[in-house]
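Now for the letters of each chain:
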Amino acid sequence: MSTPLLEVRDLRVEFPTRRGTLVAVDGVSFAIAPGEVLGVVGESGAGKSLTGMAIIGLLEPPGRIAAGEVRLEGERIDQLPHEAMRRIRGRRIGAIFQDPLTSLNPLYTVGRQLSETILTHLEVSPREARGRALALLREVGIPAPEARIEHYPHQFSGGMRQRVVIALALCAEPRLVIADEPTTALDVSIQAQIIQLLKRLAREHGTAVMLITHDMGVIAETADRVAVMYAGRLAEIGPVREVIHAPRHPYTVGLMGSIPKIGAGAGKRRARLAQIEGAMPRLTAIPPGCAFNPRCPRRMERCLRERPELLAAGANRAACWLHG
Amino acid sequence: MAEALLRLQDLGRDFDVSRPWLNRVTERLPRQILHAVDGVSFEVRRGETLALVGESGCGKSTVARLIVGLHAPSRGRIEYQGVALDRGEAARRVRRRMQMIFQDPYASLNPRWRVREVVAEPLRVLRLASTEAQIDARVTELLQQVGLAAEDAEKYPHEFSGGQRQRISIARALSGKPEFLVCDEPTSALDVSVQAQILNLMTDLQGRLGLTYLFISHNLAVVSHIADRIGVMYLGRLVEIAAAEEIFARPRHPYTRMLLDAVPDLEMTGKARTPVAGEVPNPLEPPAGCAFHPRCPHASERCRAERPQLAAHGAARVACHAVEEGRL
Amino acid sequence: MRAALERIWDHDLAYRFRRSPVTIAAAVLTLVCVGAALAAPWLAPTNPFDAAALSLNDAFRPPAWTPEGSAATPLGTDDQGRDLLSTIMYGARISLGVGLAAVLFALVLGVSLGLVAGYVGGRIDAVIMRVADVQLSFPAILIALLIDGVARVALPDDRHGEIAIPVLILAIGVSGWVQYARTVRGSTLVERNKEYVQAARVIGRHPFAIMLHHVLPNVMGPVLVIGTIHIATAIITEATLSFLGVGVPPTQPSLGTLIRVGNDFLFSGEWWITVFPGIALIVLVLSVNLLGDWLRDALNPRLR
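Sequence lines, in order, name chains A, B and C.
Start counting the first sequence at 588; every next residue gets the next number (the working numbering).
Start counting the second sequence at 63; every next residue gets the next number (the working numbering).
Start counting the third sequence at 1041; every next residue gets the next number (the working numbering).
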């Protein structure tokens, strides 16, 4: 792609503990083009949230970026001092977290939080900031925004709150938004609404979105490309249609098979779900070679010894020796 | 058709969520009653899996808790094999045949107890084993039945992953030799691949042990793999109940259709969706008449005034005026 | 056995303990004080309460390192000729004994009431908490004085001497149960709604069994911390009461009594009779406090 908006190269996130160093993210590389939605999918412990936190500079100590680069529009941001990173957050990178309840300050009205954020990052007058806040609320689909702008977070329902959080993430017109499980805490019918909203906003503002989730269904509806993470490593990355319909990595194959689907003949409950034996290894016990090898039905000799890099596999790239 | 093991008749449960008396008097506020479950009737037949689906606040978890006795009903009746489930001795004895599996694998096991004690508790309470040796043997058998090892009995819950803890919960539920299992969102907190393992395990156990399940979930896709019949709940009421194939092939109630539409489209067929409107209203102030009418594209005057009753319509039972009047 | 010991050594708590020199010092000091107090009958140079062995000639002898001192009485003697070191050891025994017993009483009473209040809720909860609130508005010393005073009045003089110490323990215990009850009630309210408690109810266990076997082990954490710090407070309360003359009987002096007795002679030059028991009290209380502080910090992140 032409200059990517976000480029992550060989990112490594470590946690020093008294029992040794835990590697939570191990050599992850990907890029996001302007206006693109990249889904980062994986199960708990795969390291996807930590990747997002590392990019936006919100890693909780003792966690730290031990190696690799993060480049935003060409410049490195992984080694910036706190103050510089703080200015980038909000202005050039926006964030949406899982729990809308704790993402908003309960003590301030929604309008105040929006205006403050706008004023912090953009050179506008307070009146103009309020105007933008109103426009944003309208854009994210809050009915009667002139009245609602004076309301406190607790006066909004869960779905509406998440819309406010999205407005907050977009108010300084960032180039990139990192959304960490934005729909997980919401009801299914609201999830659908929020997904649509995110897609539309990304398209209309040309904002790139890094959508972190464990829900493949959300990815199918929203993402252009998807990266599958396993045990801190990237297992597969490619266009969303390809990864979902023609996965190349055995883990992705297993994952897609185990997702319950209402397909043809739904309701015949004898349709047993394909399952992957075993469980994702704990970070303290990642096997040598390919991290997936103990559970892989297509394991070879090489997989036990050598850790695979991302190799070309059809339209995707997969970290699997089957494509070596 | 198999006999009905569990029968709910017009079951209701209210919660008084009023502000404290002092606040009510000084601020002149009314009493606030939450009708968590509002006139629900259905039955569960031996050997089947009935799934109860709905979004948060619809009352499905409350129904589960009413059945196992964690709450007492405010009105209506629950019968198990003909025995009324009240506070009496007969009810207590009959309740021994029921067990429950909970949603949160991290909170459903006592963190201070070893797995052996957790699984053995029903054995002791129901006096199904008398000597320590018998208990040991039975615990080992149960752990192996759910896919764990005998050595796991000596460990503590925090040493296990979410999926493994759910297996321990299942082992605990099975140790009471139940015939009826109430499962409250048992896989909602689990990763997708672990969920597949647990669902498969539950299906296997049902076949092997002849269990009957009441499966609570908000996820229609999950339910499509395990349910024989599905009941859809909204704001404390049952709006549709039918065989699983019927629900997926011919959803009748507008809310059922909306729920099905909201399931993300993994096949990416790009199918057209009816617009998803609004949000679940405040359960403390349910709309008059049909609870769904504010969000329903087919609402009429009658829907705003009169509450629909569950009535047979084809192979399903639906509570909807539009369906009854043939408008849908 | 070795594996178990290794597991304990490797445990988080033990690890943090090893790394904190202050805590190790505090623990060692506490052990020394407790050991000396417990072993007083065997370790002390003399038995200070053996009236026959006393001689007024020995009275007011200063500590050993002064010209008039003697090695037989390293810290000097008091107004009755008793060796101060021995008296301190015996006194510490009483102080510790009363302190520990009072804390135990308060703990059992407070934890039980807190558990019941939190689990059962409703009226019982309201009653227990109102009583607790009322009691909290009185200073602990006042409550202890009240109970002690009532006992004195209610019982004839000679009987009072016998049961003075149990009454004292009761008094200090009753003045301190509220902190346990409140903490345990709060934790119980949280645990009560957790699914493992609901699972136990579904299995059909009796509420008391659930409170005792399920909830109690999970709410004890903060109780241990409060208890450790409470030992120090209880010892001070006992010392205060004894100093005021309403604590232990004069035949079994505690550190507080010694301080009071020595107070009379402080300004006439026999400083050691007050100072050494005072130092002993400070060291004891300080080391127990430090230990409690460390315990609270060490347990904190795990209290979630």
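No wet-lab data here; the hints were simulated from the structure.
Keep in mind that this is a model prediction, so the values were computed, not measured.
The C-beta atom is built at its ideal place from N, Cα and C for all residues, glycine as well.
Do not take every clue at face value.
What the hints assert, rightly or not - Taking lysine to aspartate or glutamate and the EDC-like style, the derived pairs with C-alpha atoms no more than 20 Å apart in a straight line are:
{"id": "1", "chain 1": "A", "residue 1": "K848", "chain 2": "B", "residue 2": "D290"}
{"id": "2", "chain 1": "A", "residue 1": "K786", "chain 2": "A", "residue 2": "E726"}
{"id": "3", "chain 1": "A", "residue 1": "K848", "chain 2": "B", "residue 2": "E307"}
{"id": "4", "chain 1": "A", "residue 1": "K786", "chain 2": "B", "residue 2": "E179"}
{"id": "5", "chain 1": "A", "residue 1": "K848", "chain 2": "B", "residue 2": "D327"}
{"id": "6", "chain 1": "B", "residue 1": "K239", "chain 2": "B", "residue 2": "E194"}
{"id": "7", "chain 1": "A", "residue 1": "K848", "chain 2": "B", "residue 2": "D323"}
{"id": "8", "chain 1": "A", "residue 1": "K848", "chain 2": "A", "residue 2": "E893"}
{"id": "9", "chain 1": "A", "residue 1": "K848", "chain 2": "B", "residue 2": "E308"}
{"id": "10", "chain 1": "B", "residue 1": "K239", "chain 2": "B", "residue 2": "E308"}
{"id": "11", "chain 1": "A", "residue 1": "K848", "chain 2": "B", "residue 2": "E329"}
{"id": "12", "chain 1": "B", "residue 1": "K217", "chain 2": "B", "residue 2": "D266"}
{"id": "13", "chain 1": "A", "residue 1": "K848", "chain 2": "A", "residue 2": "E896"}
{"id": "14", "chain 1": "A", "residue 1": "K848", "chain 2": "B", "residue 2": "E247"}
{"id": "15", "chain 1": "A", "residue 1": "K848", "chain 2": "B", "residue 2": "E117"}
{"id": "16", "chain 1": "B", "residue 1": "K217", "chain 2": "B", "residue 2": "E194"}
{"id": "17", "chain 1": "B", "residue 1": "K239", "chain 2": "B", "residue 2": "D266"}
{"id": "18", "chain 1": "A", "residue 1": "K786", "chain 2": "B", "residue 2": "D323"}
{"id": "19", "chain 1": "C", "residue 1": "K1234", "chain 2": "B", "residue 2": "E247"}
{"id": "20", "chain 1": "A", "residue 1": "K786", "chain 2": "B", "residue 2": "D327"}
{"id": "21", "chain 1": "C", "residue 1": "K1234", "chain 2": "B", "residue 2": "D327"}
{"id": "22", "chain 1": "C", "residue 1": "K1234", "chain 2": "B", "residue 2": "E179"}
{"id": "23", "chain 1": "A", "residue 1": "K786", "chain 2": "A", "residue 2": "D811"}
{"id": "24", "chain 1": "B", "residue 1": "K217", "chain 2": "B", "residue 2": "E179"}
{"id": "25", "chain 1": "A", "residue 1": "K786", "chain 2": "A", "residue 2": "E623"}
Unchecked claim - If you only want the chain B side, here are some residues facing chain A, beta carbon under 8 Å, derived:
{"id": "26", "residue": "E117"}
{"id": "27", "residue": "E221"}
{"id": "28", "residue": "G225"}
{"id": "29", "residue": "E247"}
{"id": "30", "residue": "S250"}
{"id": "31", "residue": "V254"}
{"id": "32", "residue": "V256"}
{"id": "33", "residue": "V284"}
{"id": "34", "residue": "M320"}
{"id": "35", "residue": "L328"}
Comparing the hints with the structure gives:
Annotation: proposed proximity of A:K848 to B:D290 holds, straight-line Cα distance about 16 Å (limit 20 Å). For the hint pairing A:K786 with A:E726, the CA-to-CA distance comes to about 13 Å; that is within 20 Å, so the pair holds. Proposed proximity of A:K848 and B:E307 is supported: the alpha carbons are some 14 Å apart, at most 20 Å. Distance check on the hinted pair: A:K786 and B:E179 sit about 50 Å apart at the alpha-carbon level, beyond 20 Å; violated.
Under the criterion of a C-alpha separation no larger than 20 Å, the hint pairing A:K848 with B:D327 is consistent with the structure, at around 9 Å. Straight-line distance between C-alpha atoms of B:K239 and B:E194 comes to about 18 Å, which keeps the hinted pair within the 20 Å bound. Of the supplied pair hints, the one linking A:K848 and B:D323 holds, its CA atoms being roughly 13 Å apart against a limit of 20 Å. Distance restraint check for A:K848 and A:E893: the Cα-Cα separation of roughly 35 Å exceeds the 20 Å cut-off, and the hinted pair is therefore not satisfied.
The hinted pair formed by A:K848 and B:E308 meets the criterion: a straight-line CA distance of about 16 Å does not exceed 20 Å. Distance hint between B:K239 and B:E308 is unfulfilled; the C-alpha atoms sit about 33 Å from each other, more than 20 Å. A threshold of 20 Å between alpha carbons decides the hint, and for A:K848 with B:E329 the separation of about 9 Å falls inside it, so the pair holds. Pair hint B:K217 plus B:D266 does not hold up; C-alpha atoms about 26 Å apart against a cutoff of 20 Å.
Straight-line distance between C-alpha atoms of A:K848 and A:E896 comes to about 31 Å, which puts the hinted pair past the 20 Å bound. With a C-alpha separation of about 17 Å, the suggested pair A:K848 and B:E247 falls inside the 20 Å cut-off, and the hint holds. Restraint check for A:K848 and B:E117: the C-alpha separation of about 18 Å stays at or below 20 Å, so the hint holds. Between B:K217 and B:E194 the alpha-carbon distance is near 18 Å, which keeps this suggested pair within the 20 Å criterion.
Only pairs whose Cα atoms come within 20 Å are accepted, and B:K239 paired with B:D266 is accepted, the gap being roughly 16 Å. Restraint check: the Cα-Cα separation between A:K786 and B:D323 comes to about 18 Å, which is no more than 20 Å; the hinted pair holds. As the CA atoms of C:K1234 and B:E247 are separated by approximately 15 Å, the hinted pair is consistent with the 20 Å bound. Proposed proximity of A:K786 and B:D327 is supported: the alpha carbons are some 15 Å apart, at most 20 Å.
At most 20 Å may separate the alpha-carbon atoms for a hinted pair to count; C:K1234 and B:D327 exceed this at roughly 35 Å. Straight-line distance between C-alpha atoms of C:K1234 and B:E179 comes to about 18 Å, which keeps the hinted pair within the 20 Å bound. Proposed proximity of A:K786 and A:D811 is supported: the alpha carbons are some 10 Å apart, at most 20 Å. The suggested pairing of B:K217 with B:E179 holds, with an alpha-carbon distance near 10 Å, which does not exceed 20 Å.
Pair hint A:K786 plus A:E623 holds up; C-alpha atoms about 10 Å apart against a cutoff of 20 Å. Look at B:E117: its Cβ gets to within about 4 Å of chain A, closer than 8 Å, so that hint holds up. Using the Cβ-Cβ criterion of 8 Å, the hint placing B:E221 at the interface with chain A is not satisfied: the shortest such distance is roughly 11 Å. Residue-level restraint check for B:G225 holds (minimum Cβ-Cβ distance to chain A is 6 Å; threshold 8 Å).
Look at B:E247: its Cβ only gets to about 13 Å from chain A, farther than 8 Å, so that hint breaks. Taking 8 Å as the C-beta contact cut-off toward chain A, the hint placing B:S250 at the interface is violated, the least distance being around 11 Å. The interface hint given for B:V254 holds, since its Cβ lies 6 Å from the closest Cβ of chain A, which is under the 8 Å cut-off. The restraint placing B:V256 at the interface with chain A holds, with a minimum CB-CB distance near 7 Å, inside the 8 Å limit.
The interface hint given for B:V284 holds, since its Cβ lies 5 Å from the closest Cβ of chain A, which is under the 8 Å cut-off. About 6 Å separates the beta-carbon of B:M320 from the nearest beta-carbon of chain A, less than 8 Å, and the hint is met. Because the smallest distance between the Cβ of B:L328 and any Cβ of chain A comes to about 5 Å, under 8 Å, the interface hint for this residue holds.
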